[in-house]
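Colleague: Residue numbers (the numbering used here), protein chains in the order written: chain H, 24 to 334; chain R, 24 to 334.
Certain hints may be false.
Which copy is meant is left open, because identical chains are indistinguishable; a pair holds if it fits in one copy or across any two.
Below, simulated EDC-like cross-link-like pairs (lysine to aspartate or glutamate); rule was C-alpha separation at most 20 Å, straight line [claimed, not checked]:
id : residue 1 : residue 2
1  : Lys-25    : Glu-125
2  : Lys-69    : Asp-112
3  : Lys-69    : Asp-83
4  : Lys-56    : Glu-68
5  : Lys-258   : Asp-51
6  : Lys-249   : Glu-31
7  : Lys-56    : Asp-71
Hints in this document: simulated from the structure, not taken from any laboratory. Since the structure is predicted, the reported quantities are computational estimates derived from the model, not experimental observations.
Here is what each chain is made of, one letter per residue.
Protein chains: 2
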Amino acid sequence: MKVVSLTEIEKVLPNIDPMPLIEDGFVDYSAGKCTIPPVGELLMEKGDIHIKYGCSNGGDYYVVKIASGFYSNNEIGLPTSNGMMLLFDQNTGMPAVILHDECYLTDVRTAVAGAISAKYLAPKNVKAIGIVGTGIQARMQLEYLKPVTDCKNVVVWGRNVQKAEQYKSDMEQKGYSVTVVTDLADLCEKANLIVTTTPSEEVLITADMVKPGTHITAMGSDTLDKKELDPEILKMADKVVVDSVDQSETRGEIMWARKAGMITNDDIVELGTVIANGGGRDNDDQITIADLTGVAVQDLKIAEAVFKGLS
Amino acid sequence: MKVVSLTEIEKVLPNIDPMPLIEDGFVDYSAGKCTIPPVGELLMEKGDIHIKYGCSNGGDYYVVKIASGFYSNNEIGLPTSNGMMLLFDQNTGMPAVILHDECYLTDVRTAVAGAISAKYLAPKNVKAIGIVGTGIQARMQLEYLKPVTDCKNVVVWGRNVQKAEQYKSDMEQKGYSVTVVTDLADLCEKANLIVTTTPSEEVLITADMVKPGTHITAMGSDTLDKKELDPEILKMADKVVVDSVDQSETRGEIMWARKAGMITNDDIVELGTVIANGGGRDNDDQITIADLTGVAVQDLKIAEAVFKGLS
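Work out the full structure: start from the sequences and follow the hints.
Modeller: Structure representation (structure tokens):
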């Protein structure tokens, strides 16, 4: 059984353009051409795992991804996130490959989904990109937005100002012009393409902060507990797009907005439907939201691409 | 990441006594000391997978088992069942080992659960062991019953008589005296410890066949579609024991009996509770049933034992 290390995976990634593959994945998913069971969850004292798995019906492979978060690993010098993606032959069930990506491919496909959301929903003229958070996704979302916008102005907010300053320094080395703000209202004032990337369990952005002509991709909240946006924002938005309506029943911003009576399934549309049929942003004054919780079809597409890239 | 092949696993198994370990697992499970999420299922055109996963709370590891069934693999010379068990450190989420057992450890832990059921429920004097089916479990259940009963008389029934004759020949080489029957009523007449091991989707044993003083372990049915016993049998039984009440809501014989209004949760008790607190067979006239669908705690215990045996 072939096990591929992160080092090997990293060598293959520059040869892959995952964006069109993952767009196709979302389209197939929203067209009902995939079998994606509910996310498996094991919640333990010191950490938790999520199992995302499924297939594109009649495709070559199915994927099982096991991703873990053990937040006290920091204290012992281990990464808090870990994981692997397993591909199996859809005709025989025989294992094809284990990609021991240590969660990196999840980070990539998550950043790619952010870029796809921005491609279809961000205003034409992005005056500044607002990044909420300073971690891995705060960096990768920015990197993967490159094919979508030329904008190099970034406004960043972090709970920890020191980390925000580090983010500024790191991103400026990559050619961005970064402003650190300590008030999220400032960020929403300055930026019209905002990506929220934190594991916050408290609302960070309130409705009064959000200006017309703003797009927000909310990718931090992917469990029952996490939320970053005031549910009121989803009510006032002109378009609310989600990667998976099914998953939004039990996780993410839309779950909270639904619970608060702010939104129903009639008010939301899947990203794959927008890609296939249109229905994205109509003009530069609309407020649009993309709520991403991460769907196994993304894992399938990135794992297949890496596996093919190996051979 | 360490991957252990079936050949290596087979070398370790003779040094392990999984029965007490799996008994402990059932006890912990029934005492609420484990976290075992619902079984994950991915149903595809040519096959399906089940993901069983969980942990003993505060234990060393958690397990994720991926098991597949691709029934047309036979036609291309591949095994129909496949699988692997992955152990991860419960304190850090770091992968400990991948046991690429190709489903063999599932077969072992399933046979062990059958033996444990017989230990607590079979009549004292086993006149003959009745085996329904002729496949891997038909063989392994018999093998693993050795520590529980000295009985060497076996009555076997198979849909395919040729396979039943082969079974007879193979098992007689192992020291058993085997009678092939073509009528399940005959089997129920001759045997008082019966193990059903088929993937049948039709009732095989009807209520009128079952005599007082019989124990039946039904381990074939583990999905929504499979059943081997007339639900009436579960109603007339003096004791109905199950490995997991939760899982019996959606799979196994008890699900069917529940649907037919023959049984409620008040009528069933978990195997772990019987092991810990008693409540097994009271006398040699009772009819007892054990309905096993396979619980992740069994996978955890066997995987941990093999992993420890490797080092």
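Colleague: All hints, please: hold or fail.
Modeller: Here is what the structure says about each hint:
{"no.": "1", "hint": "Lys-25 - Glu-125", "result": "both (16 Å within a copy, 15 Å between copies)"}
{"no.": "2", "hint": "Lys-69 - Asp-112", "result": "between (34 Å within a copy, 10 Å between copies)"}
{"no.": "3", "hint": "Lys-69 - Asp-83", "result": "between (36 Å within a copy, 12 Å between copies)"}
{"no.": "4", "hint": "Lys-56 - Glu-68", "result": "between (37 Å within a copy, 12 Å between copies)"}
{"no.": "5", "hint": "Lys-258 - Asp-51", "result": "neither (28 Å within a copy, 47 Å between copies)"}
{"no.": "6", "hint": "Lys-249 - Glu-31", "result": "neither (33 Å within a copy, 43 Å between copies)"}
{"no.": "7", "hint": "Lys-56 - Asp-71", "result": "between (30 Å within a copy, 17 Å between copies)"}
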